[in-house]
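4 protein chains.
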Amino acid sequence: MHNSQNQPAIDALMACILECEHCATACLQEEDVKMMVRCIQLDRDCADICKLTMTLLARGSEHGKHLLRECMEVCEACAAECGKHHHEHCQRCAEACRRCAEACRSLAA
Amino acid sequence: MHNSQNQPAIDALMACILECEHCATACLQEEDVKMMVRCIQLDRDCADICKLTMTLLARGSEHGKHLLRECMEVCEACAAECGKHHHEHCQRCAEACRRCAEACRSLAA
Amino acid sequence: MHNSQNQPAIDALMACILECEHCATACLQEEDVKMMVRCIQLDRDCADICKLTMTLLARGSEHGKHLLRECMEVCEACAAECGKHHHEHCQRCAEACRRCAEACRSLAA
Amino acid sequence: MHNSQNQPAIDALMACILECEHCATACLQEEDVKMMVRCIQLDRDCADICKLTMTLLARGSEHGKHLLRECMEVCEACAAECGKHHHEHCQRCAEACRRCAEACRSLAA
Chain R
1 MHNSQNQPAI
11 DALMACILEC
21 EHCATACLQE
31 EDVKMMVRCI
41 QLDRDCADIC
51 KLTMTLLARG
61 SEHGKHLLRE
71 CMEVCEACAA
81 ECGKHHHEHC
91 QRCAEACRRC
101 AEACRSLAA
Chain A
1 MHNSQNQPAI
11 DALMACILEC
21 EHCATACLQE
31 EDVKMMVRCI
41 QLDRDCADIC
51 KLTMTLLARG
61 SEHGKHLLRE
71 CMEVCEACAA
81 ECGKHHHEHC
91 QRCAEACRRC
101 AEACRSLAA
Chain C
1 MHNSQNQPAI
11 DALMACILEC
21 EHCATACLQE
31 EDVKMMVRCI
41 QLDRDCADIC
51 KLTMTLLARG
61 SEHGKHLLRE
71 CMEVCEACAA
81 ECGKHHHEHC
91 QRCAEACRRC
101 AEACRSLAA
Chain L
1 MHNSQNQPAI
11 DALMACILEC
21 EHCATACLQE
31 EDVKMMVRCI
41 QLDRDCADIC
51 KLTMTLLARG
61 SEHGKHLLRE
71 CMEVCEACAA
81 ECGKHHHEHC
91 QRCAEACRRC
101 AEACRSLAA
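If you're matching them up, the sequences are chains R, A, C and L in order. Heads up, the first sequence is in full-length UniProt numbering, so the first residue is 1 and it goes up one at a time. Heads up, the second sequence is in full-length UniProt numbering, so the first residue is 1 and it goes up one at a time. Heads up, the third sequence is in full-length UniProt numbering, so the first residue is 1 and it goes up one at a time. Heads up, the fourth sequence is in full-length UniProt numbering, so the first residue is 1 and it goes up one at a time.
Isolated chain R (complex conformation) (with noise of 0.2 Å):
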């Protein structure tokens, strides 16, 4: 099942995950923290709703399809909120999110 359509998806995800939760950590330890507080909520949102879509995914759940819209629209957020700043890991993190929104839309089409 996950050797499956589901796949790209979940490798999306899994990268979007990660970059998300690095990005929020790597965020609150900026010298402007303040000028990071959109990135960091958006990176945790988007970080727990990626999780439960990979999790549904993996399952094989019907579900799993239902939260491909929302978790398209938290990573297009988070994307562009992560992509206003110069950070490396903002910068990767705009990119994962970008390519799962990508994974997410294709899989939902």
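Treat the hints with care, as some may be off.
As the list makes no split between identical chains, a pair holds if one copy fits it or if it spans any two.
Within a straight-line C-alpha distance of at most 27 Å, the following computed DSSO-like cross-link-like pairs (lysine-lysine) qualify [to be verified]:
no., residue 1, residue 2
1, Lys65, Lys34
2, Lys65, Lys84
3, Lys34, Lys84
Calculated from the structure, these hints are not laboratory results. The structure displayed is predicted, hence computed values, not measured ones.
Chains A, C and L: place on chain R using the hints.
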């Protein structure tokens, strides 16, 4: 924040999570486990979807509201399946799922 | 099962999860967010560790007991940090973490 | 941070999460589901404990290391149980659990 309008839904989500986790375990211990397969599967999904929804509502995320409809759907599906079985854990779970679906509907309105 | 000896710990875990999720969000909105960084980091970890512990206790897993000591430790660390700050959300979170640590200690005994 | 010494464990945890979620679903669909009950229960616990461990390692939390021993234990228990069953999903899950236990042991050392 969590003393506010979100609180009734949060309380209902928590009760639902506990009953779903408990029901899945209890179903696995039933003599006729084969009859309980659909119930176990829905318990797993319902518990996990409610856990994320509760988390997002507790943190005051704008994405909490986005999950209410999906949460309602899985709660209703789980209530319908659990309601078919006479085991006390299934009946309790069905009731908790119904209350949770209602609380999510009220909050979404 | 979850009306049993696990119930006080489950109740304390739930209260702790809600306060930690809320406190992290509220800390991010404080004027002097830089002072709250350690608090936010501990809130994140404490909420997630309590969520797993609650889940395992609710499902009656033998692994629930294994997590009680770690859960106690993170709750105590979070209570100590939150207790340093005068914000109402921090004081409430500190109190919920202390109660949760006590409930985990009682159940582990 | 997550390109560092944590990465092998994170990779092994992710593979283990996917196989456990998949194995639980596939076990529920087996003809003789009653024989698979212990496997399903361990798959649930192992997936959830690995998910938290992965999350804490990805975010660079000091609590990640604290979970490695418990994670190792549940992975070994799950590998032992899955290893008894000839189903392909069980054999794959057993292998992923063994690799994950090893990766956690290496990181803990």
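Each hint, compared with the structure:
1. In this homomeric assembly, lysine 65 and lysine 34 come within 27 Å of each other (Cα to Cα) only across copies, at 26 Å, whereas the closest approach inside a single copy is 36 Å.
2. In this assembly of identical chains, lysine 65 and lysine 84 lie within 27 Å of each other by CA distance solely across copies; the values are 26 Å between and 30 Å within a copy.
3. Taking CA atoms no more than 27 Å apart as the test, lysine 34 paired with lysine 84 passes in both settings, with 14 Å inside one copy and 20 Å between copies.
Consistency with the previously given hints is maintained throughout, with no hint failing.
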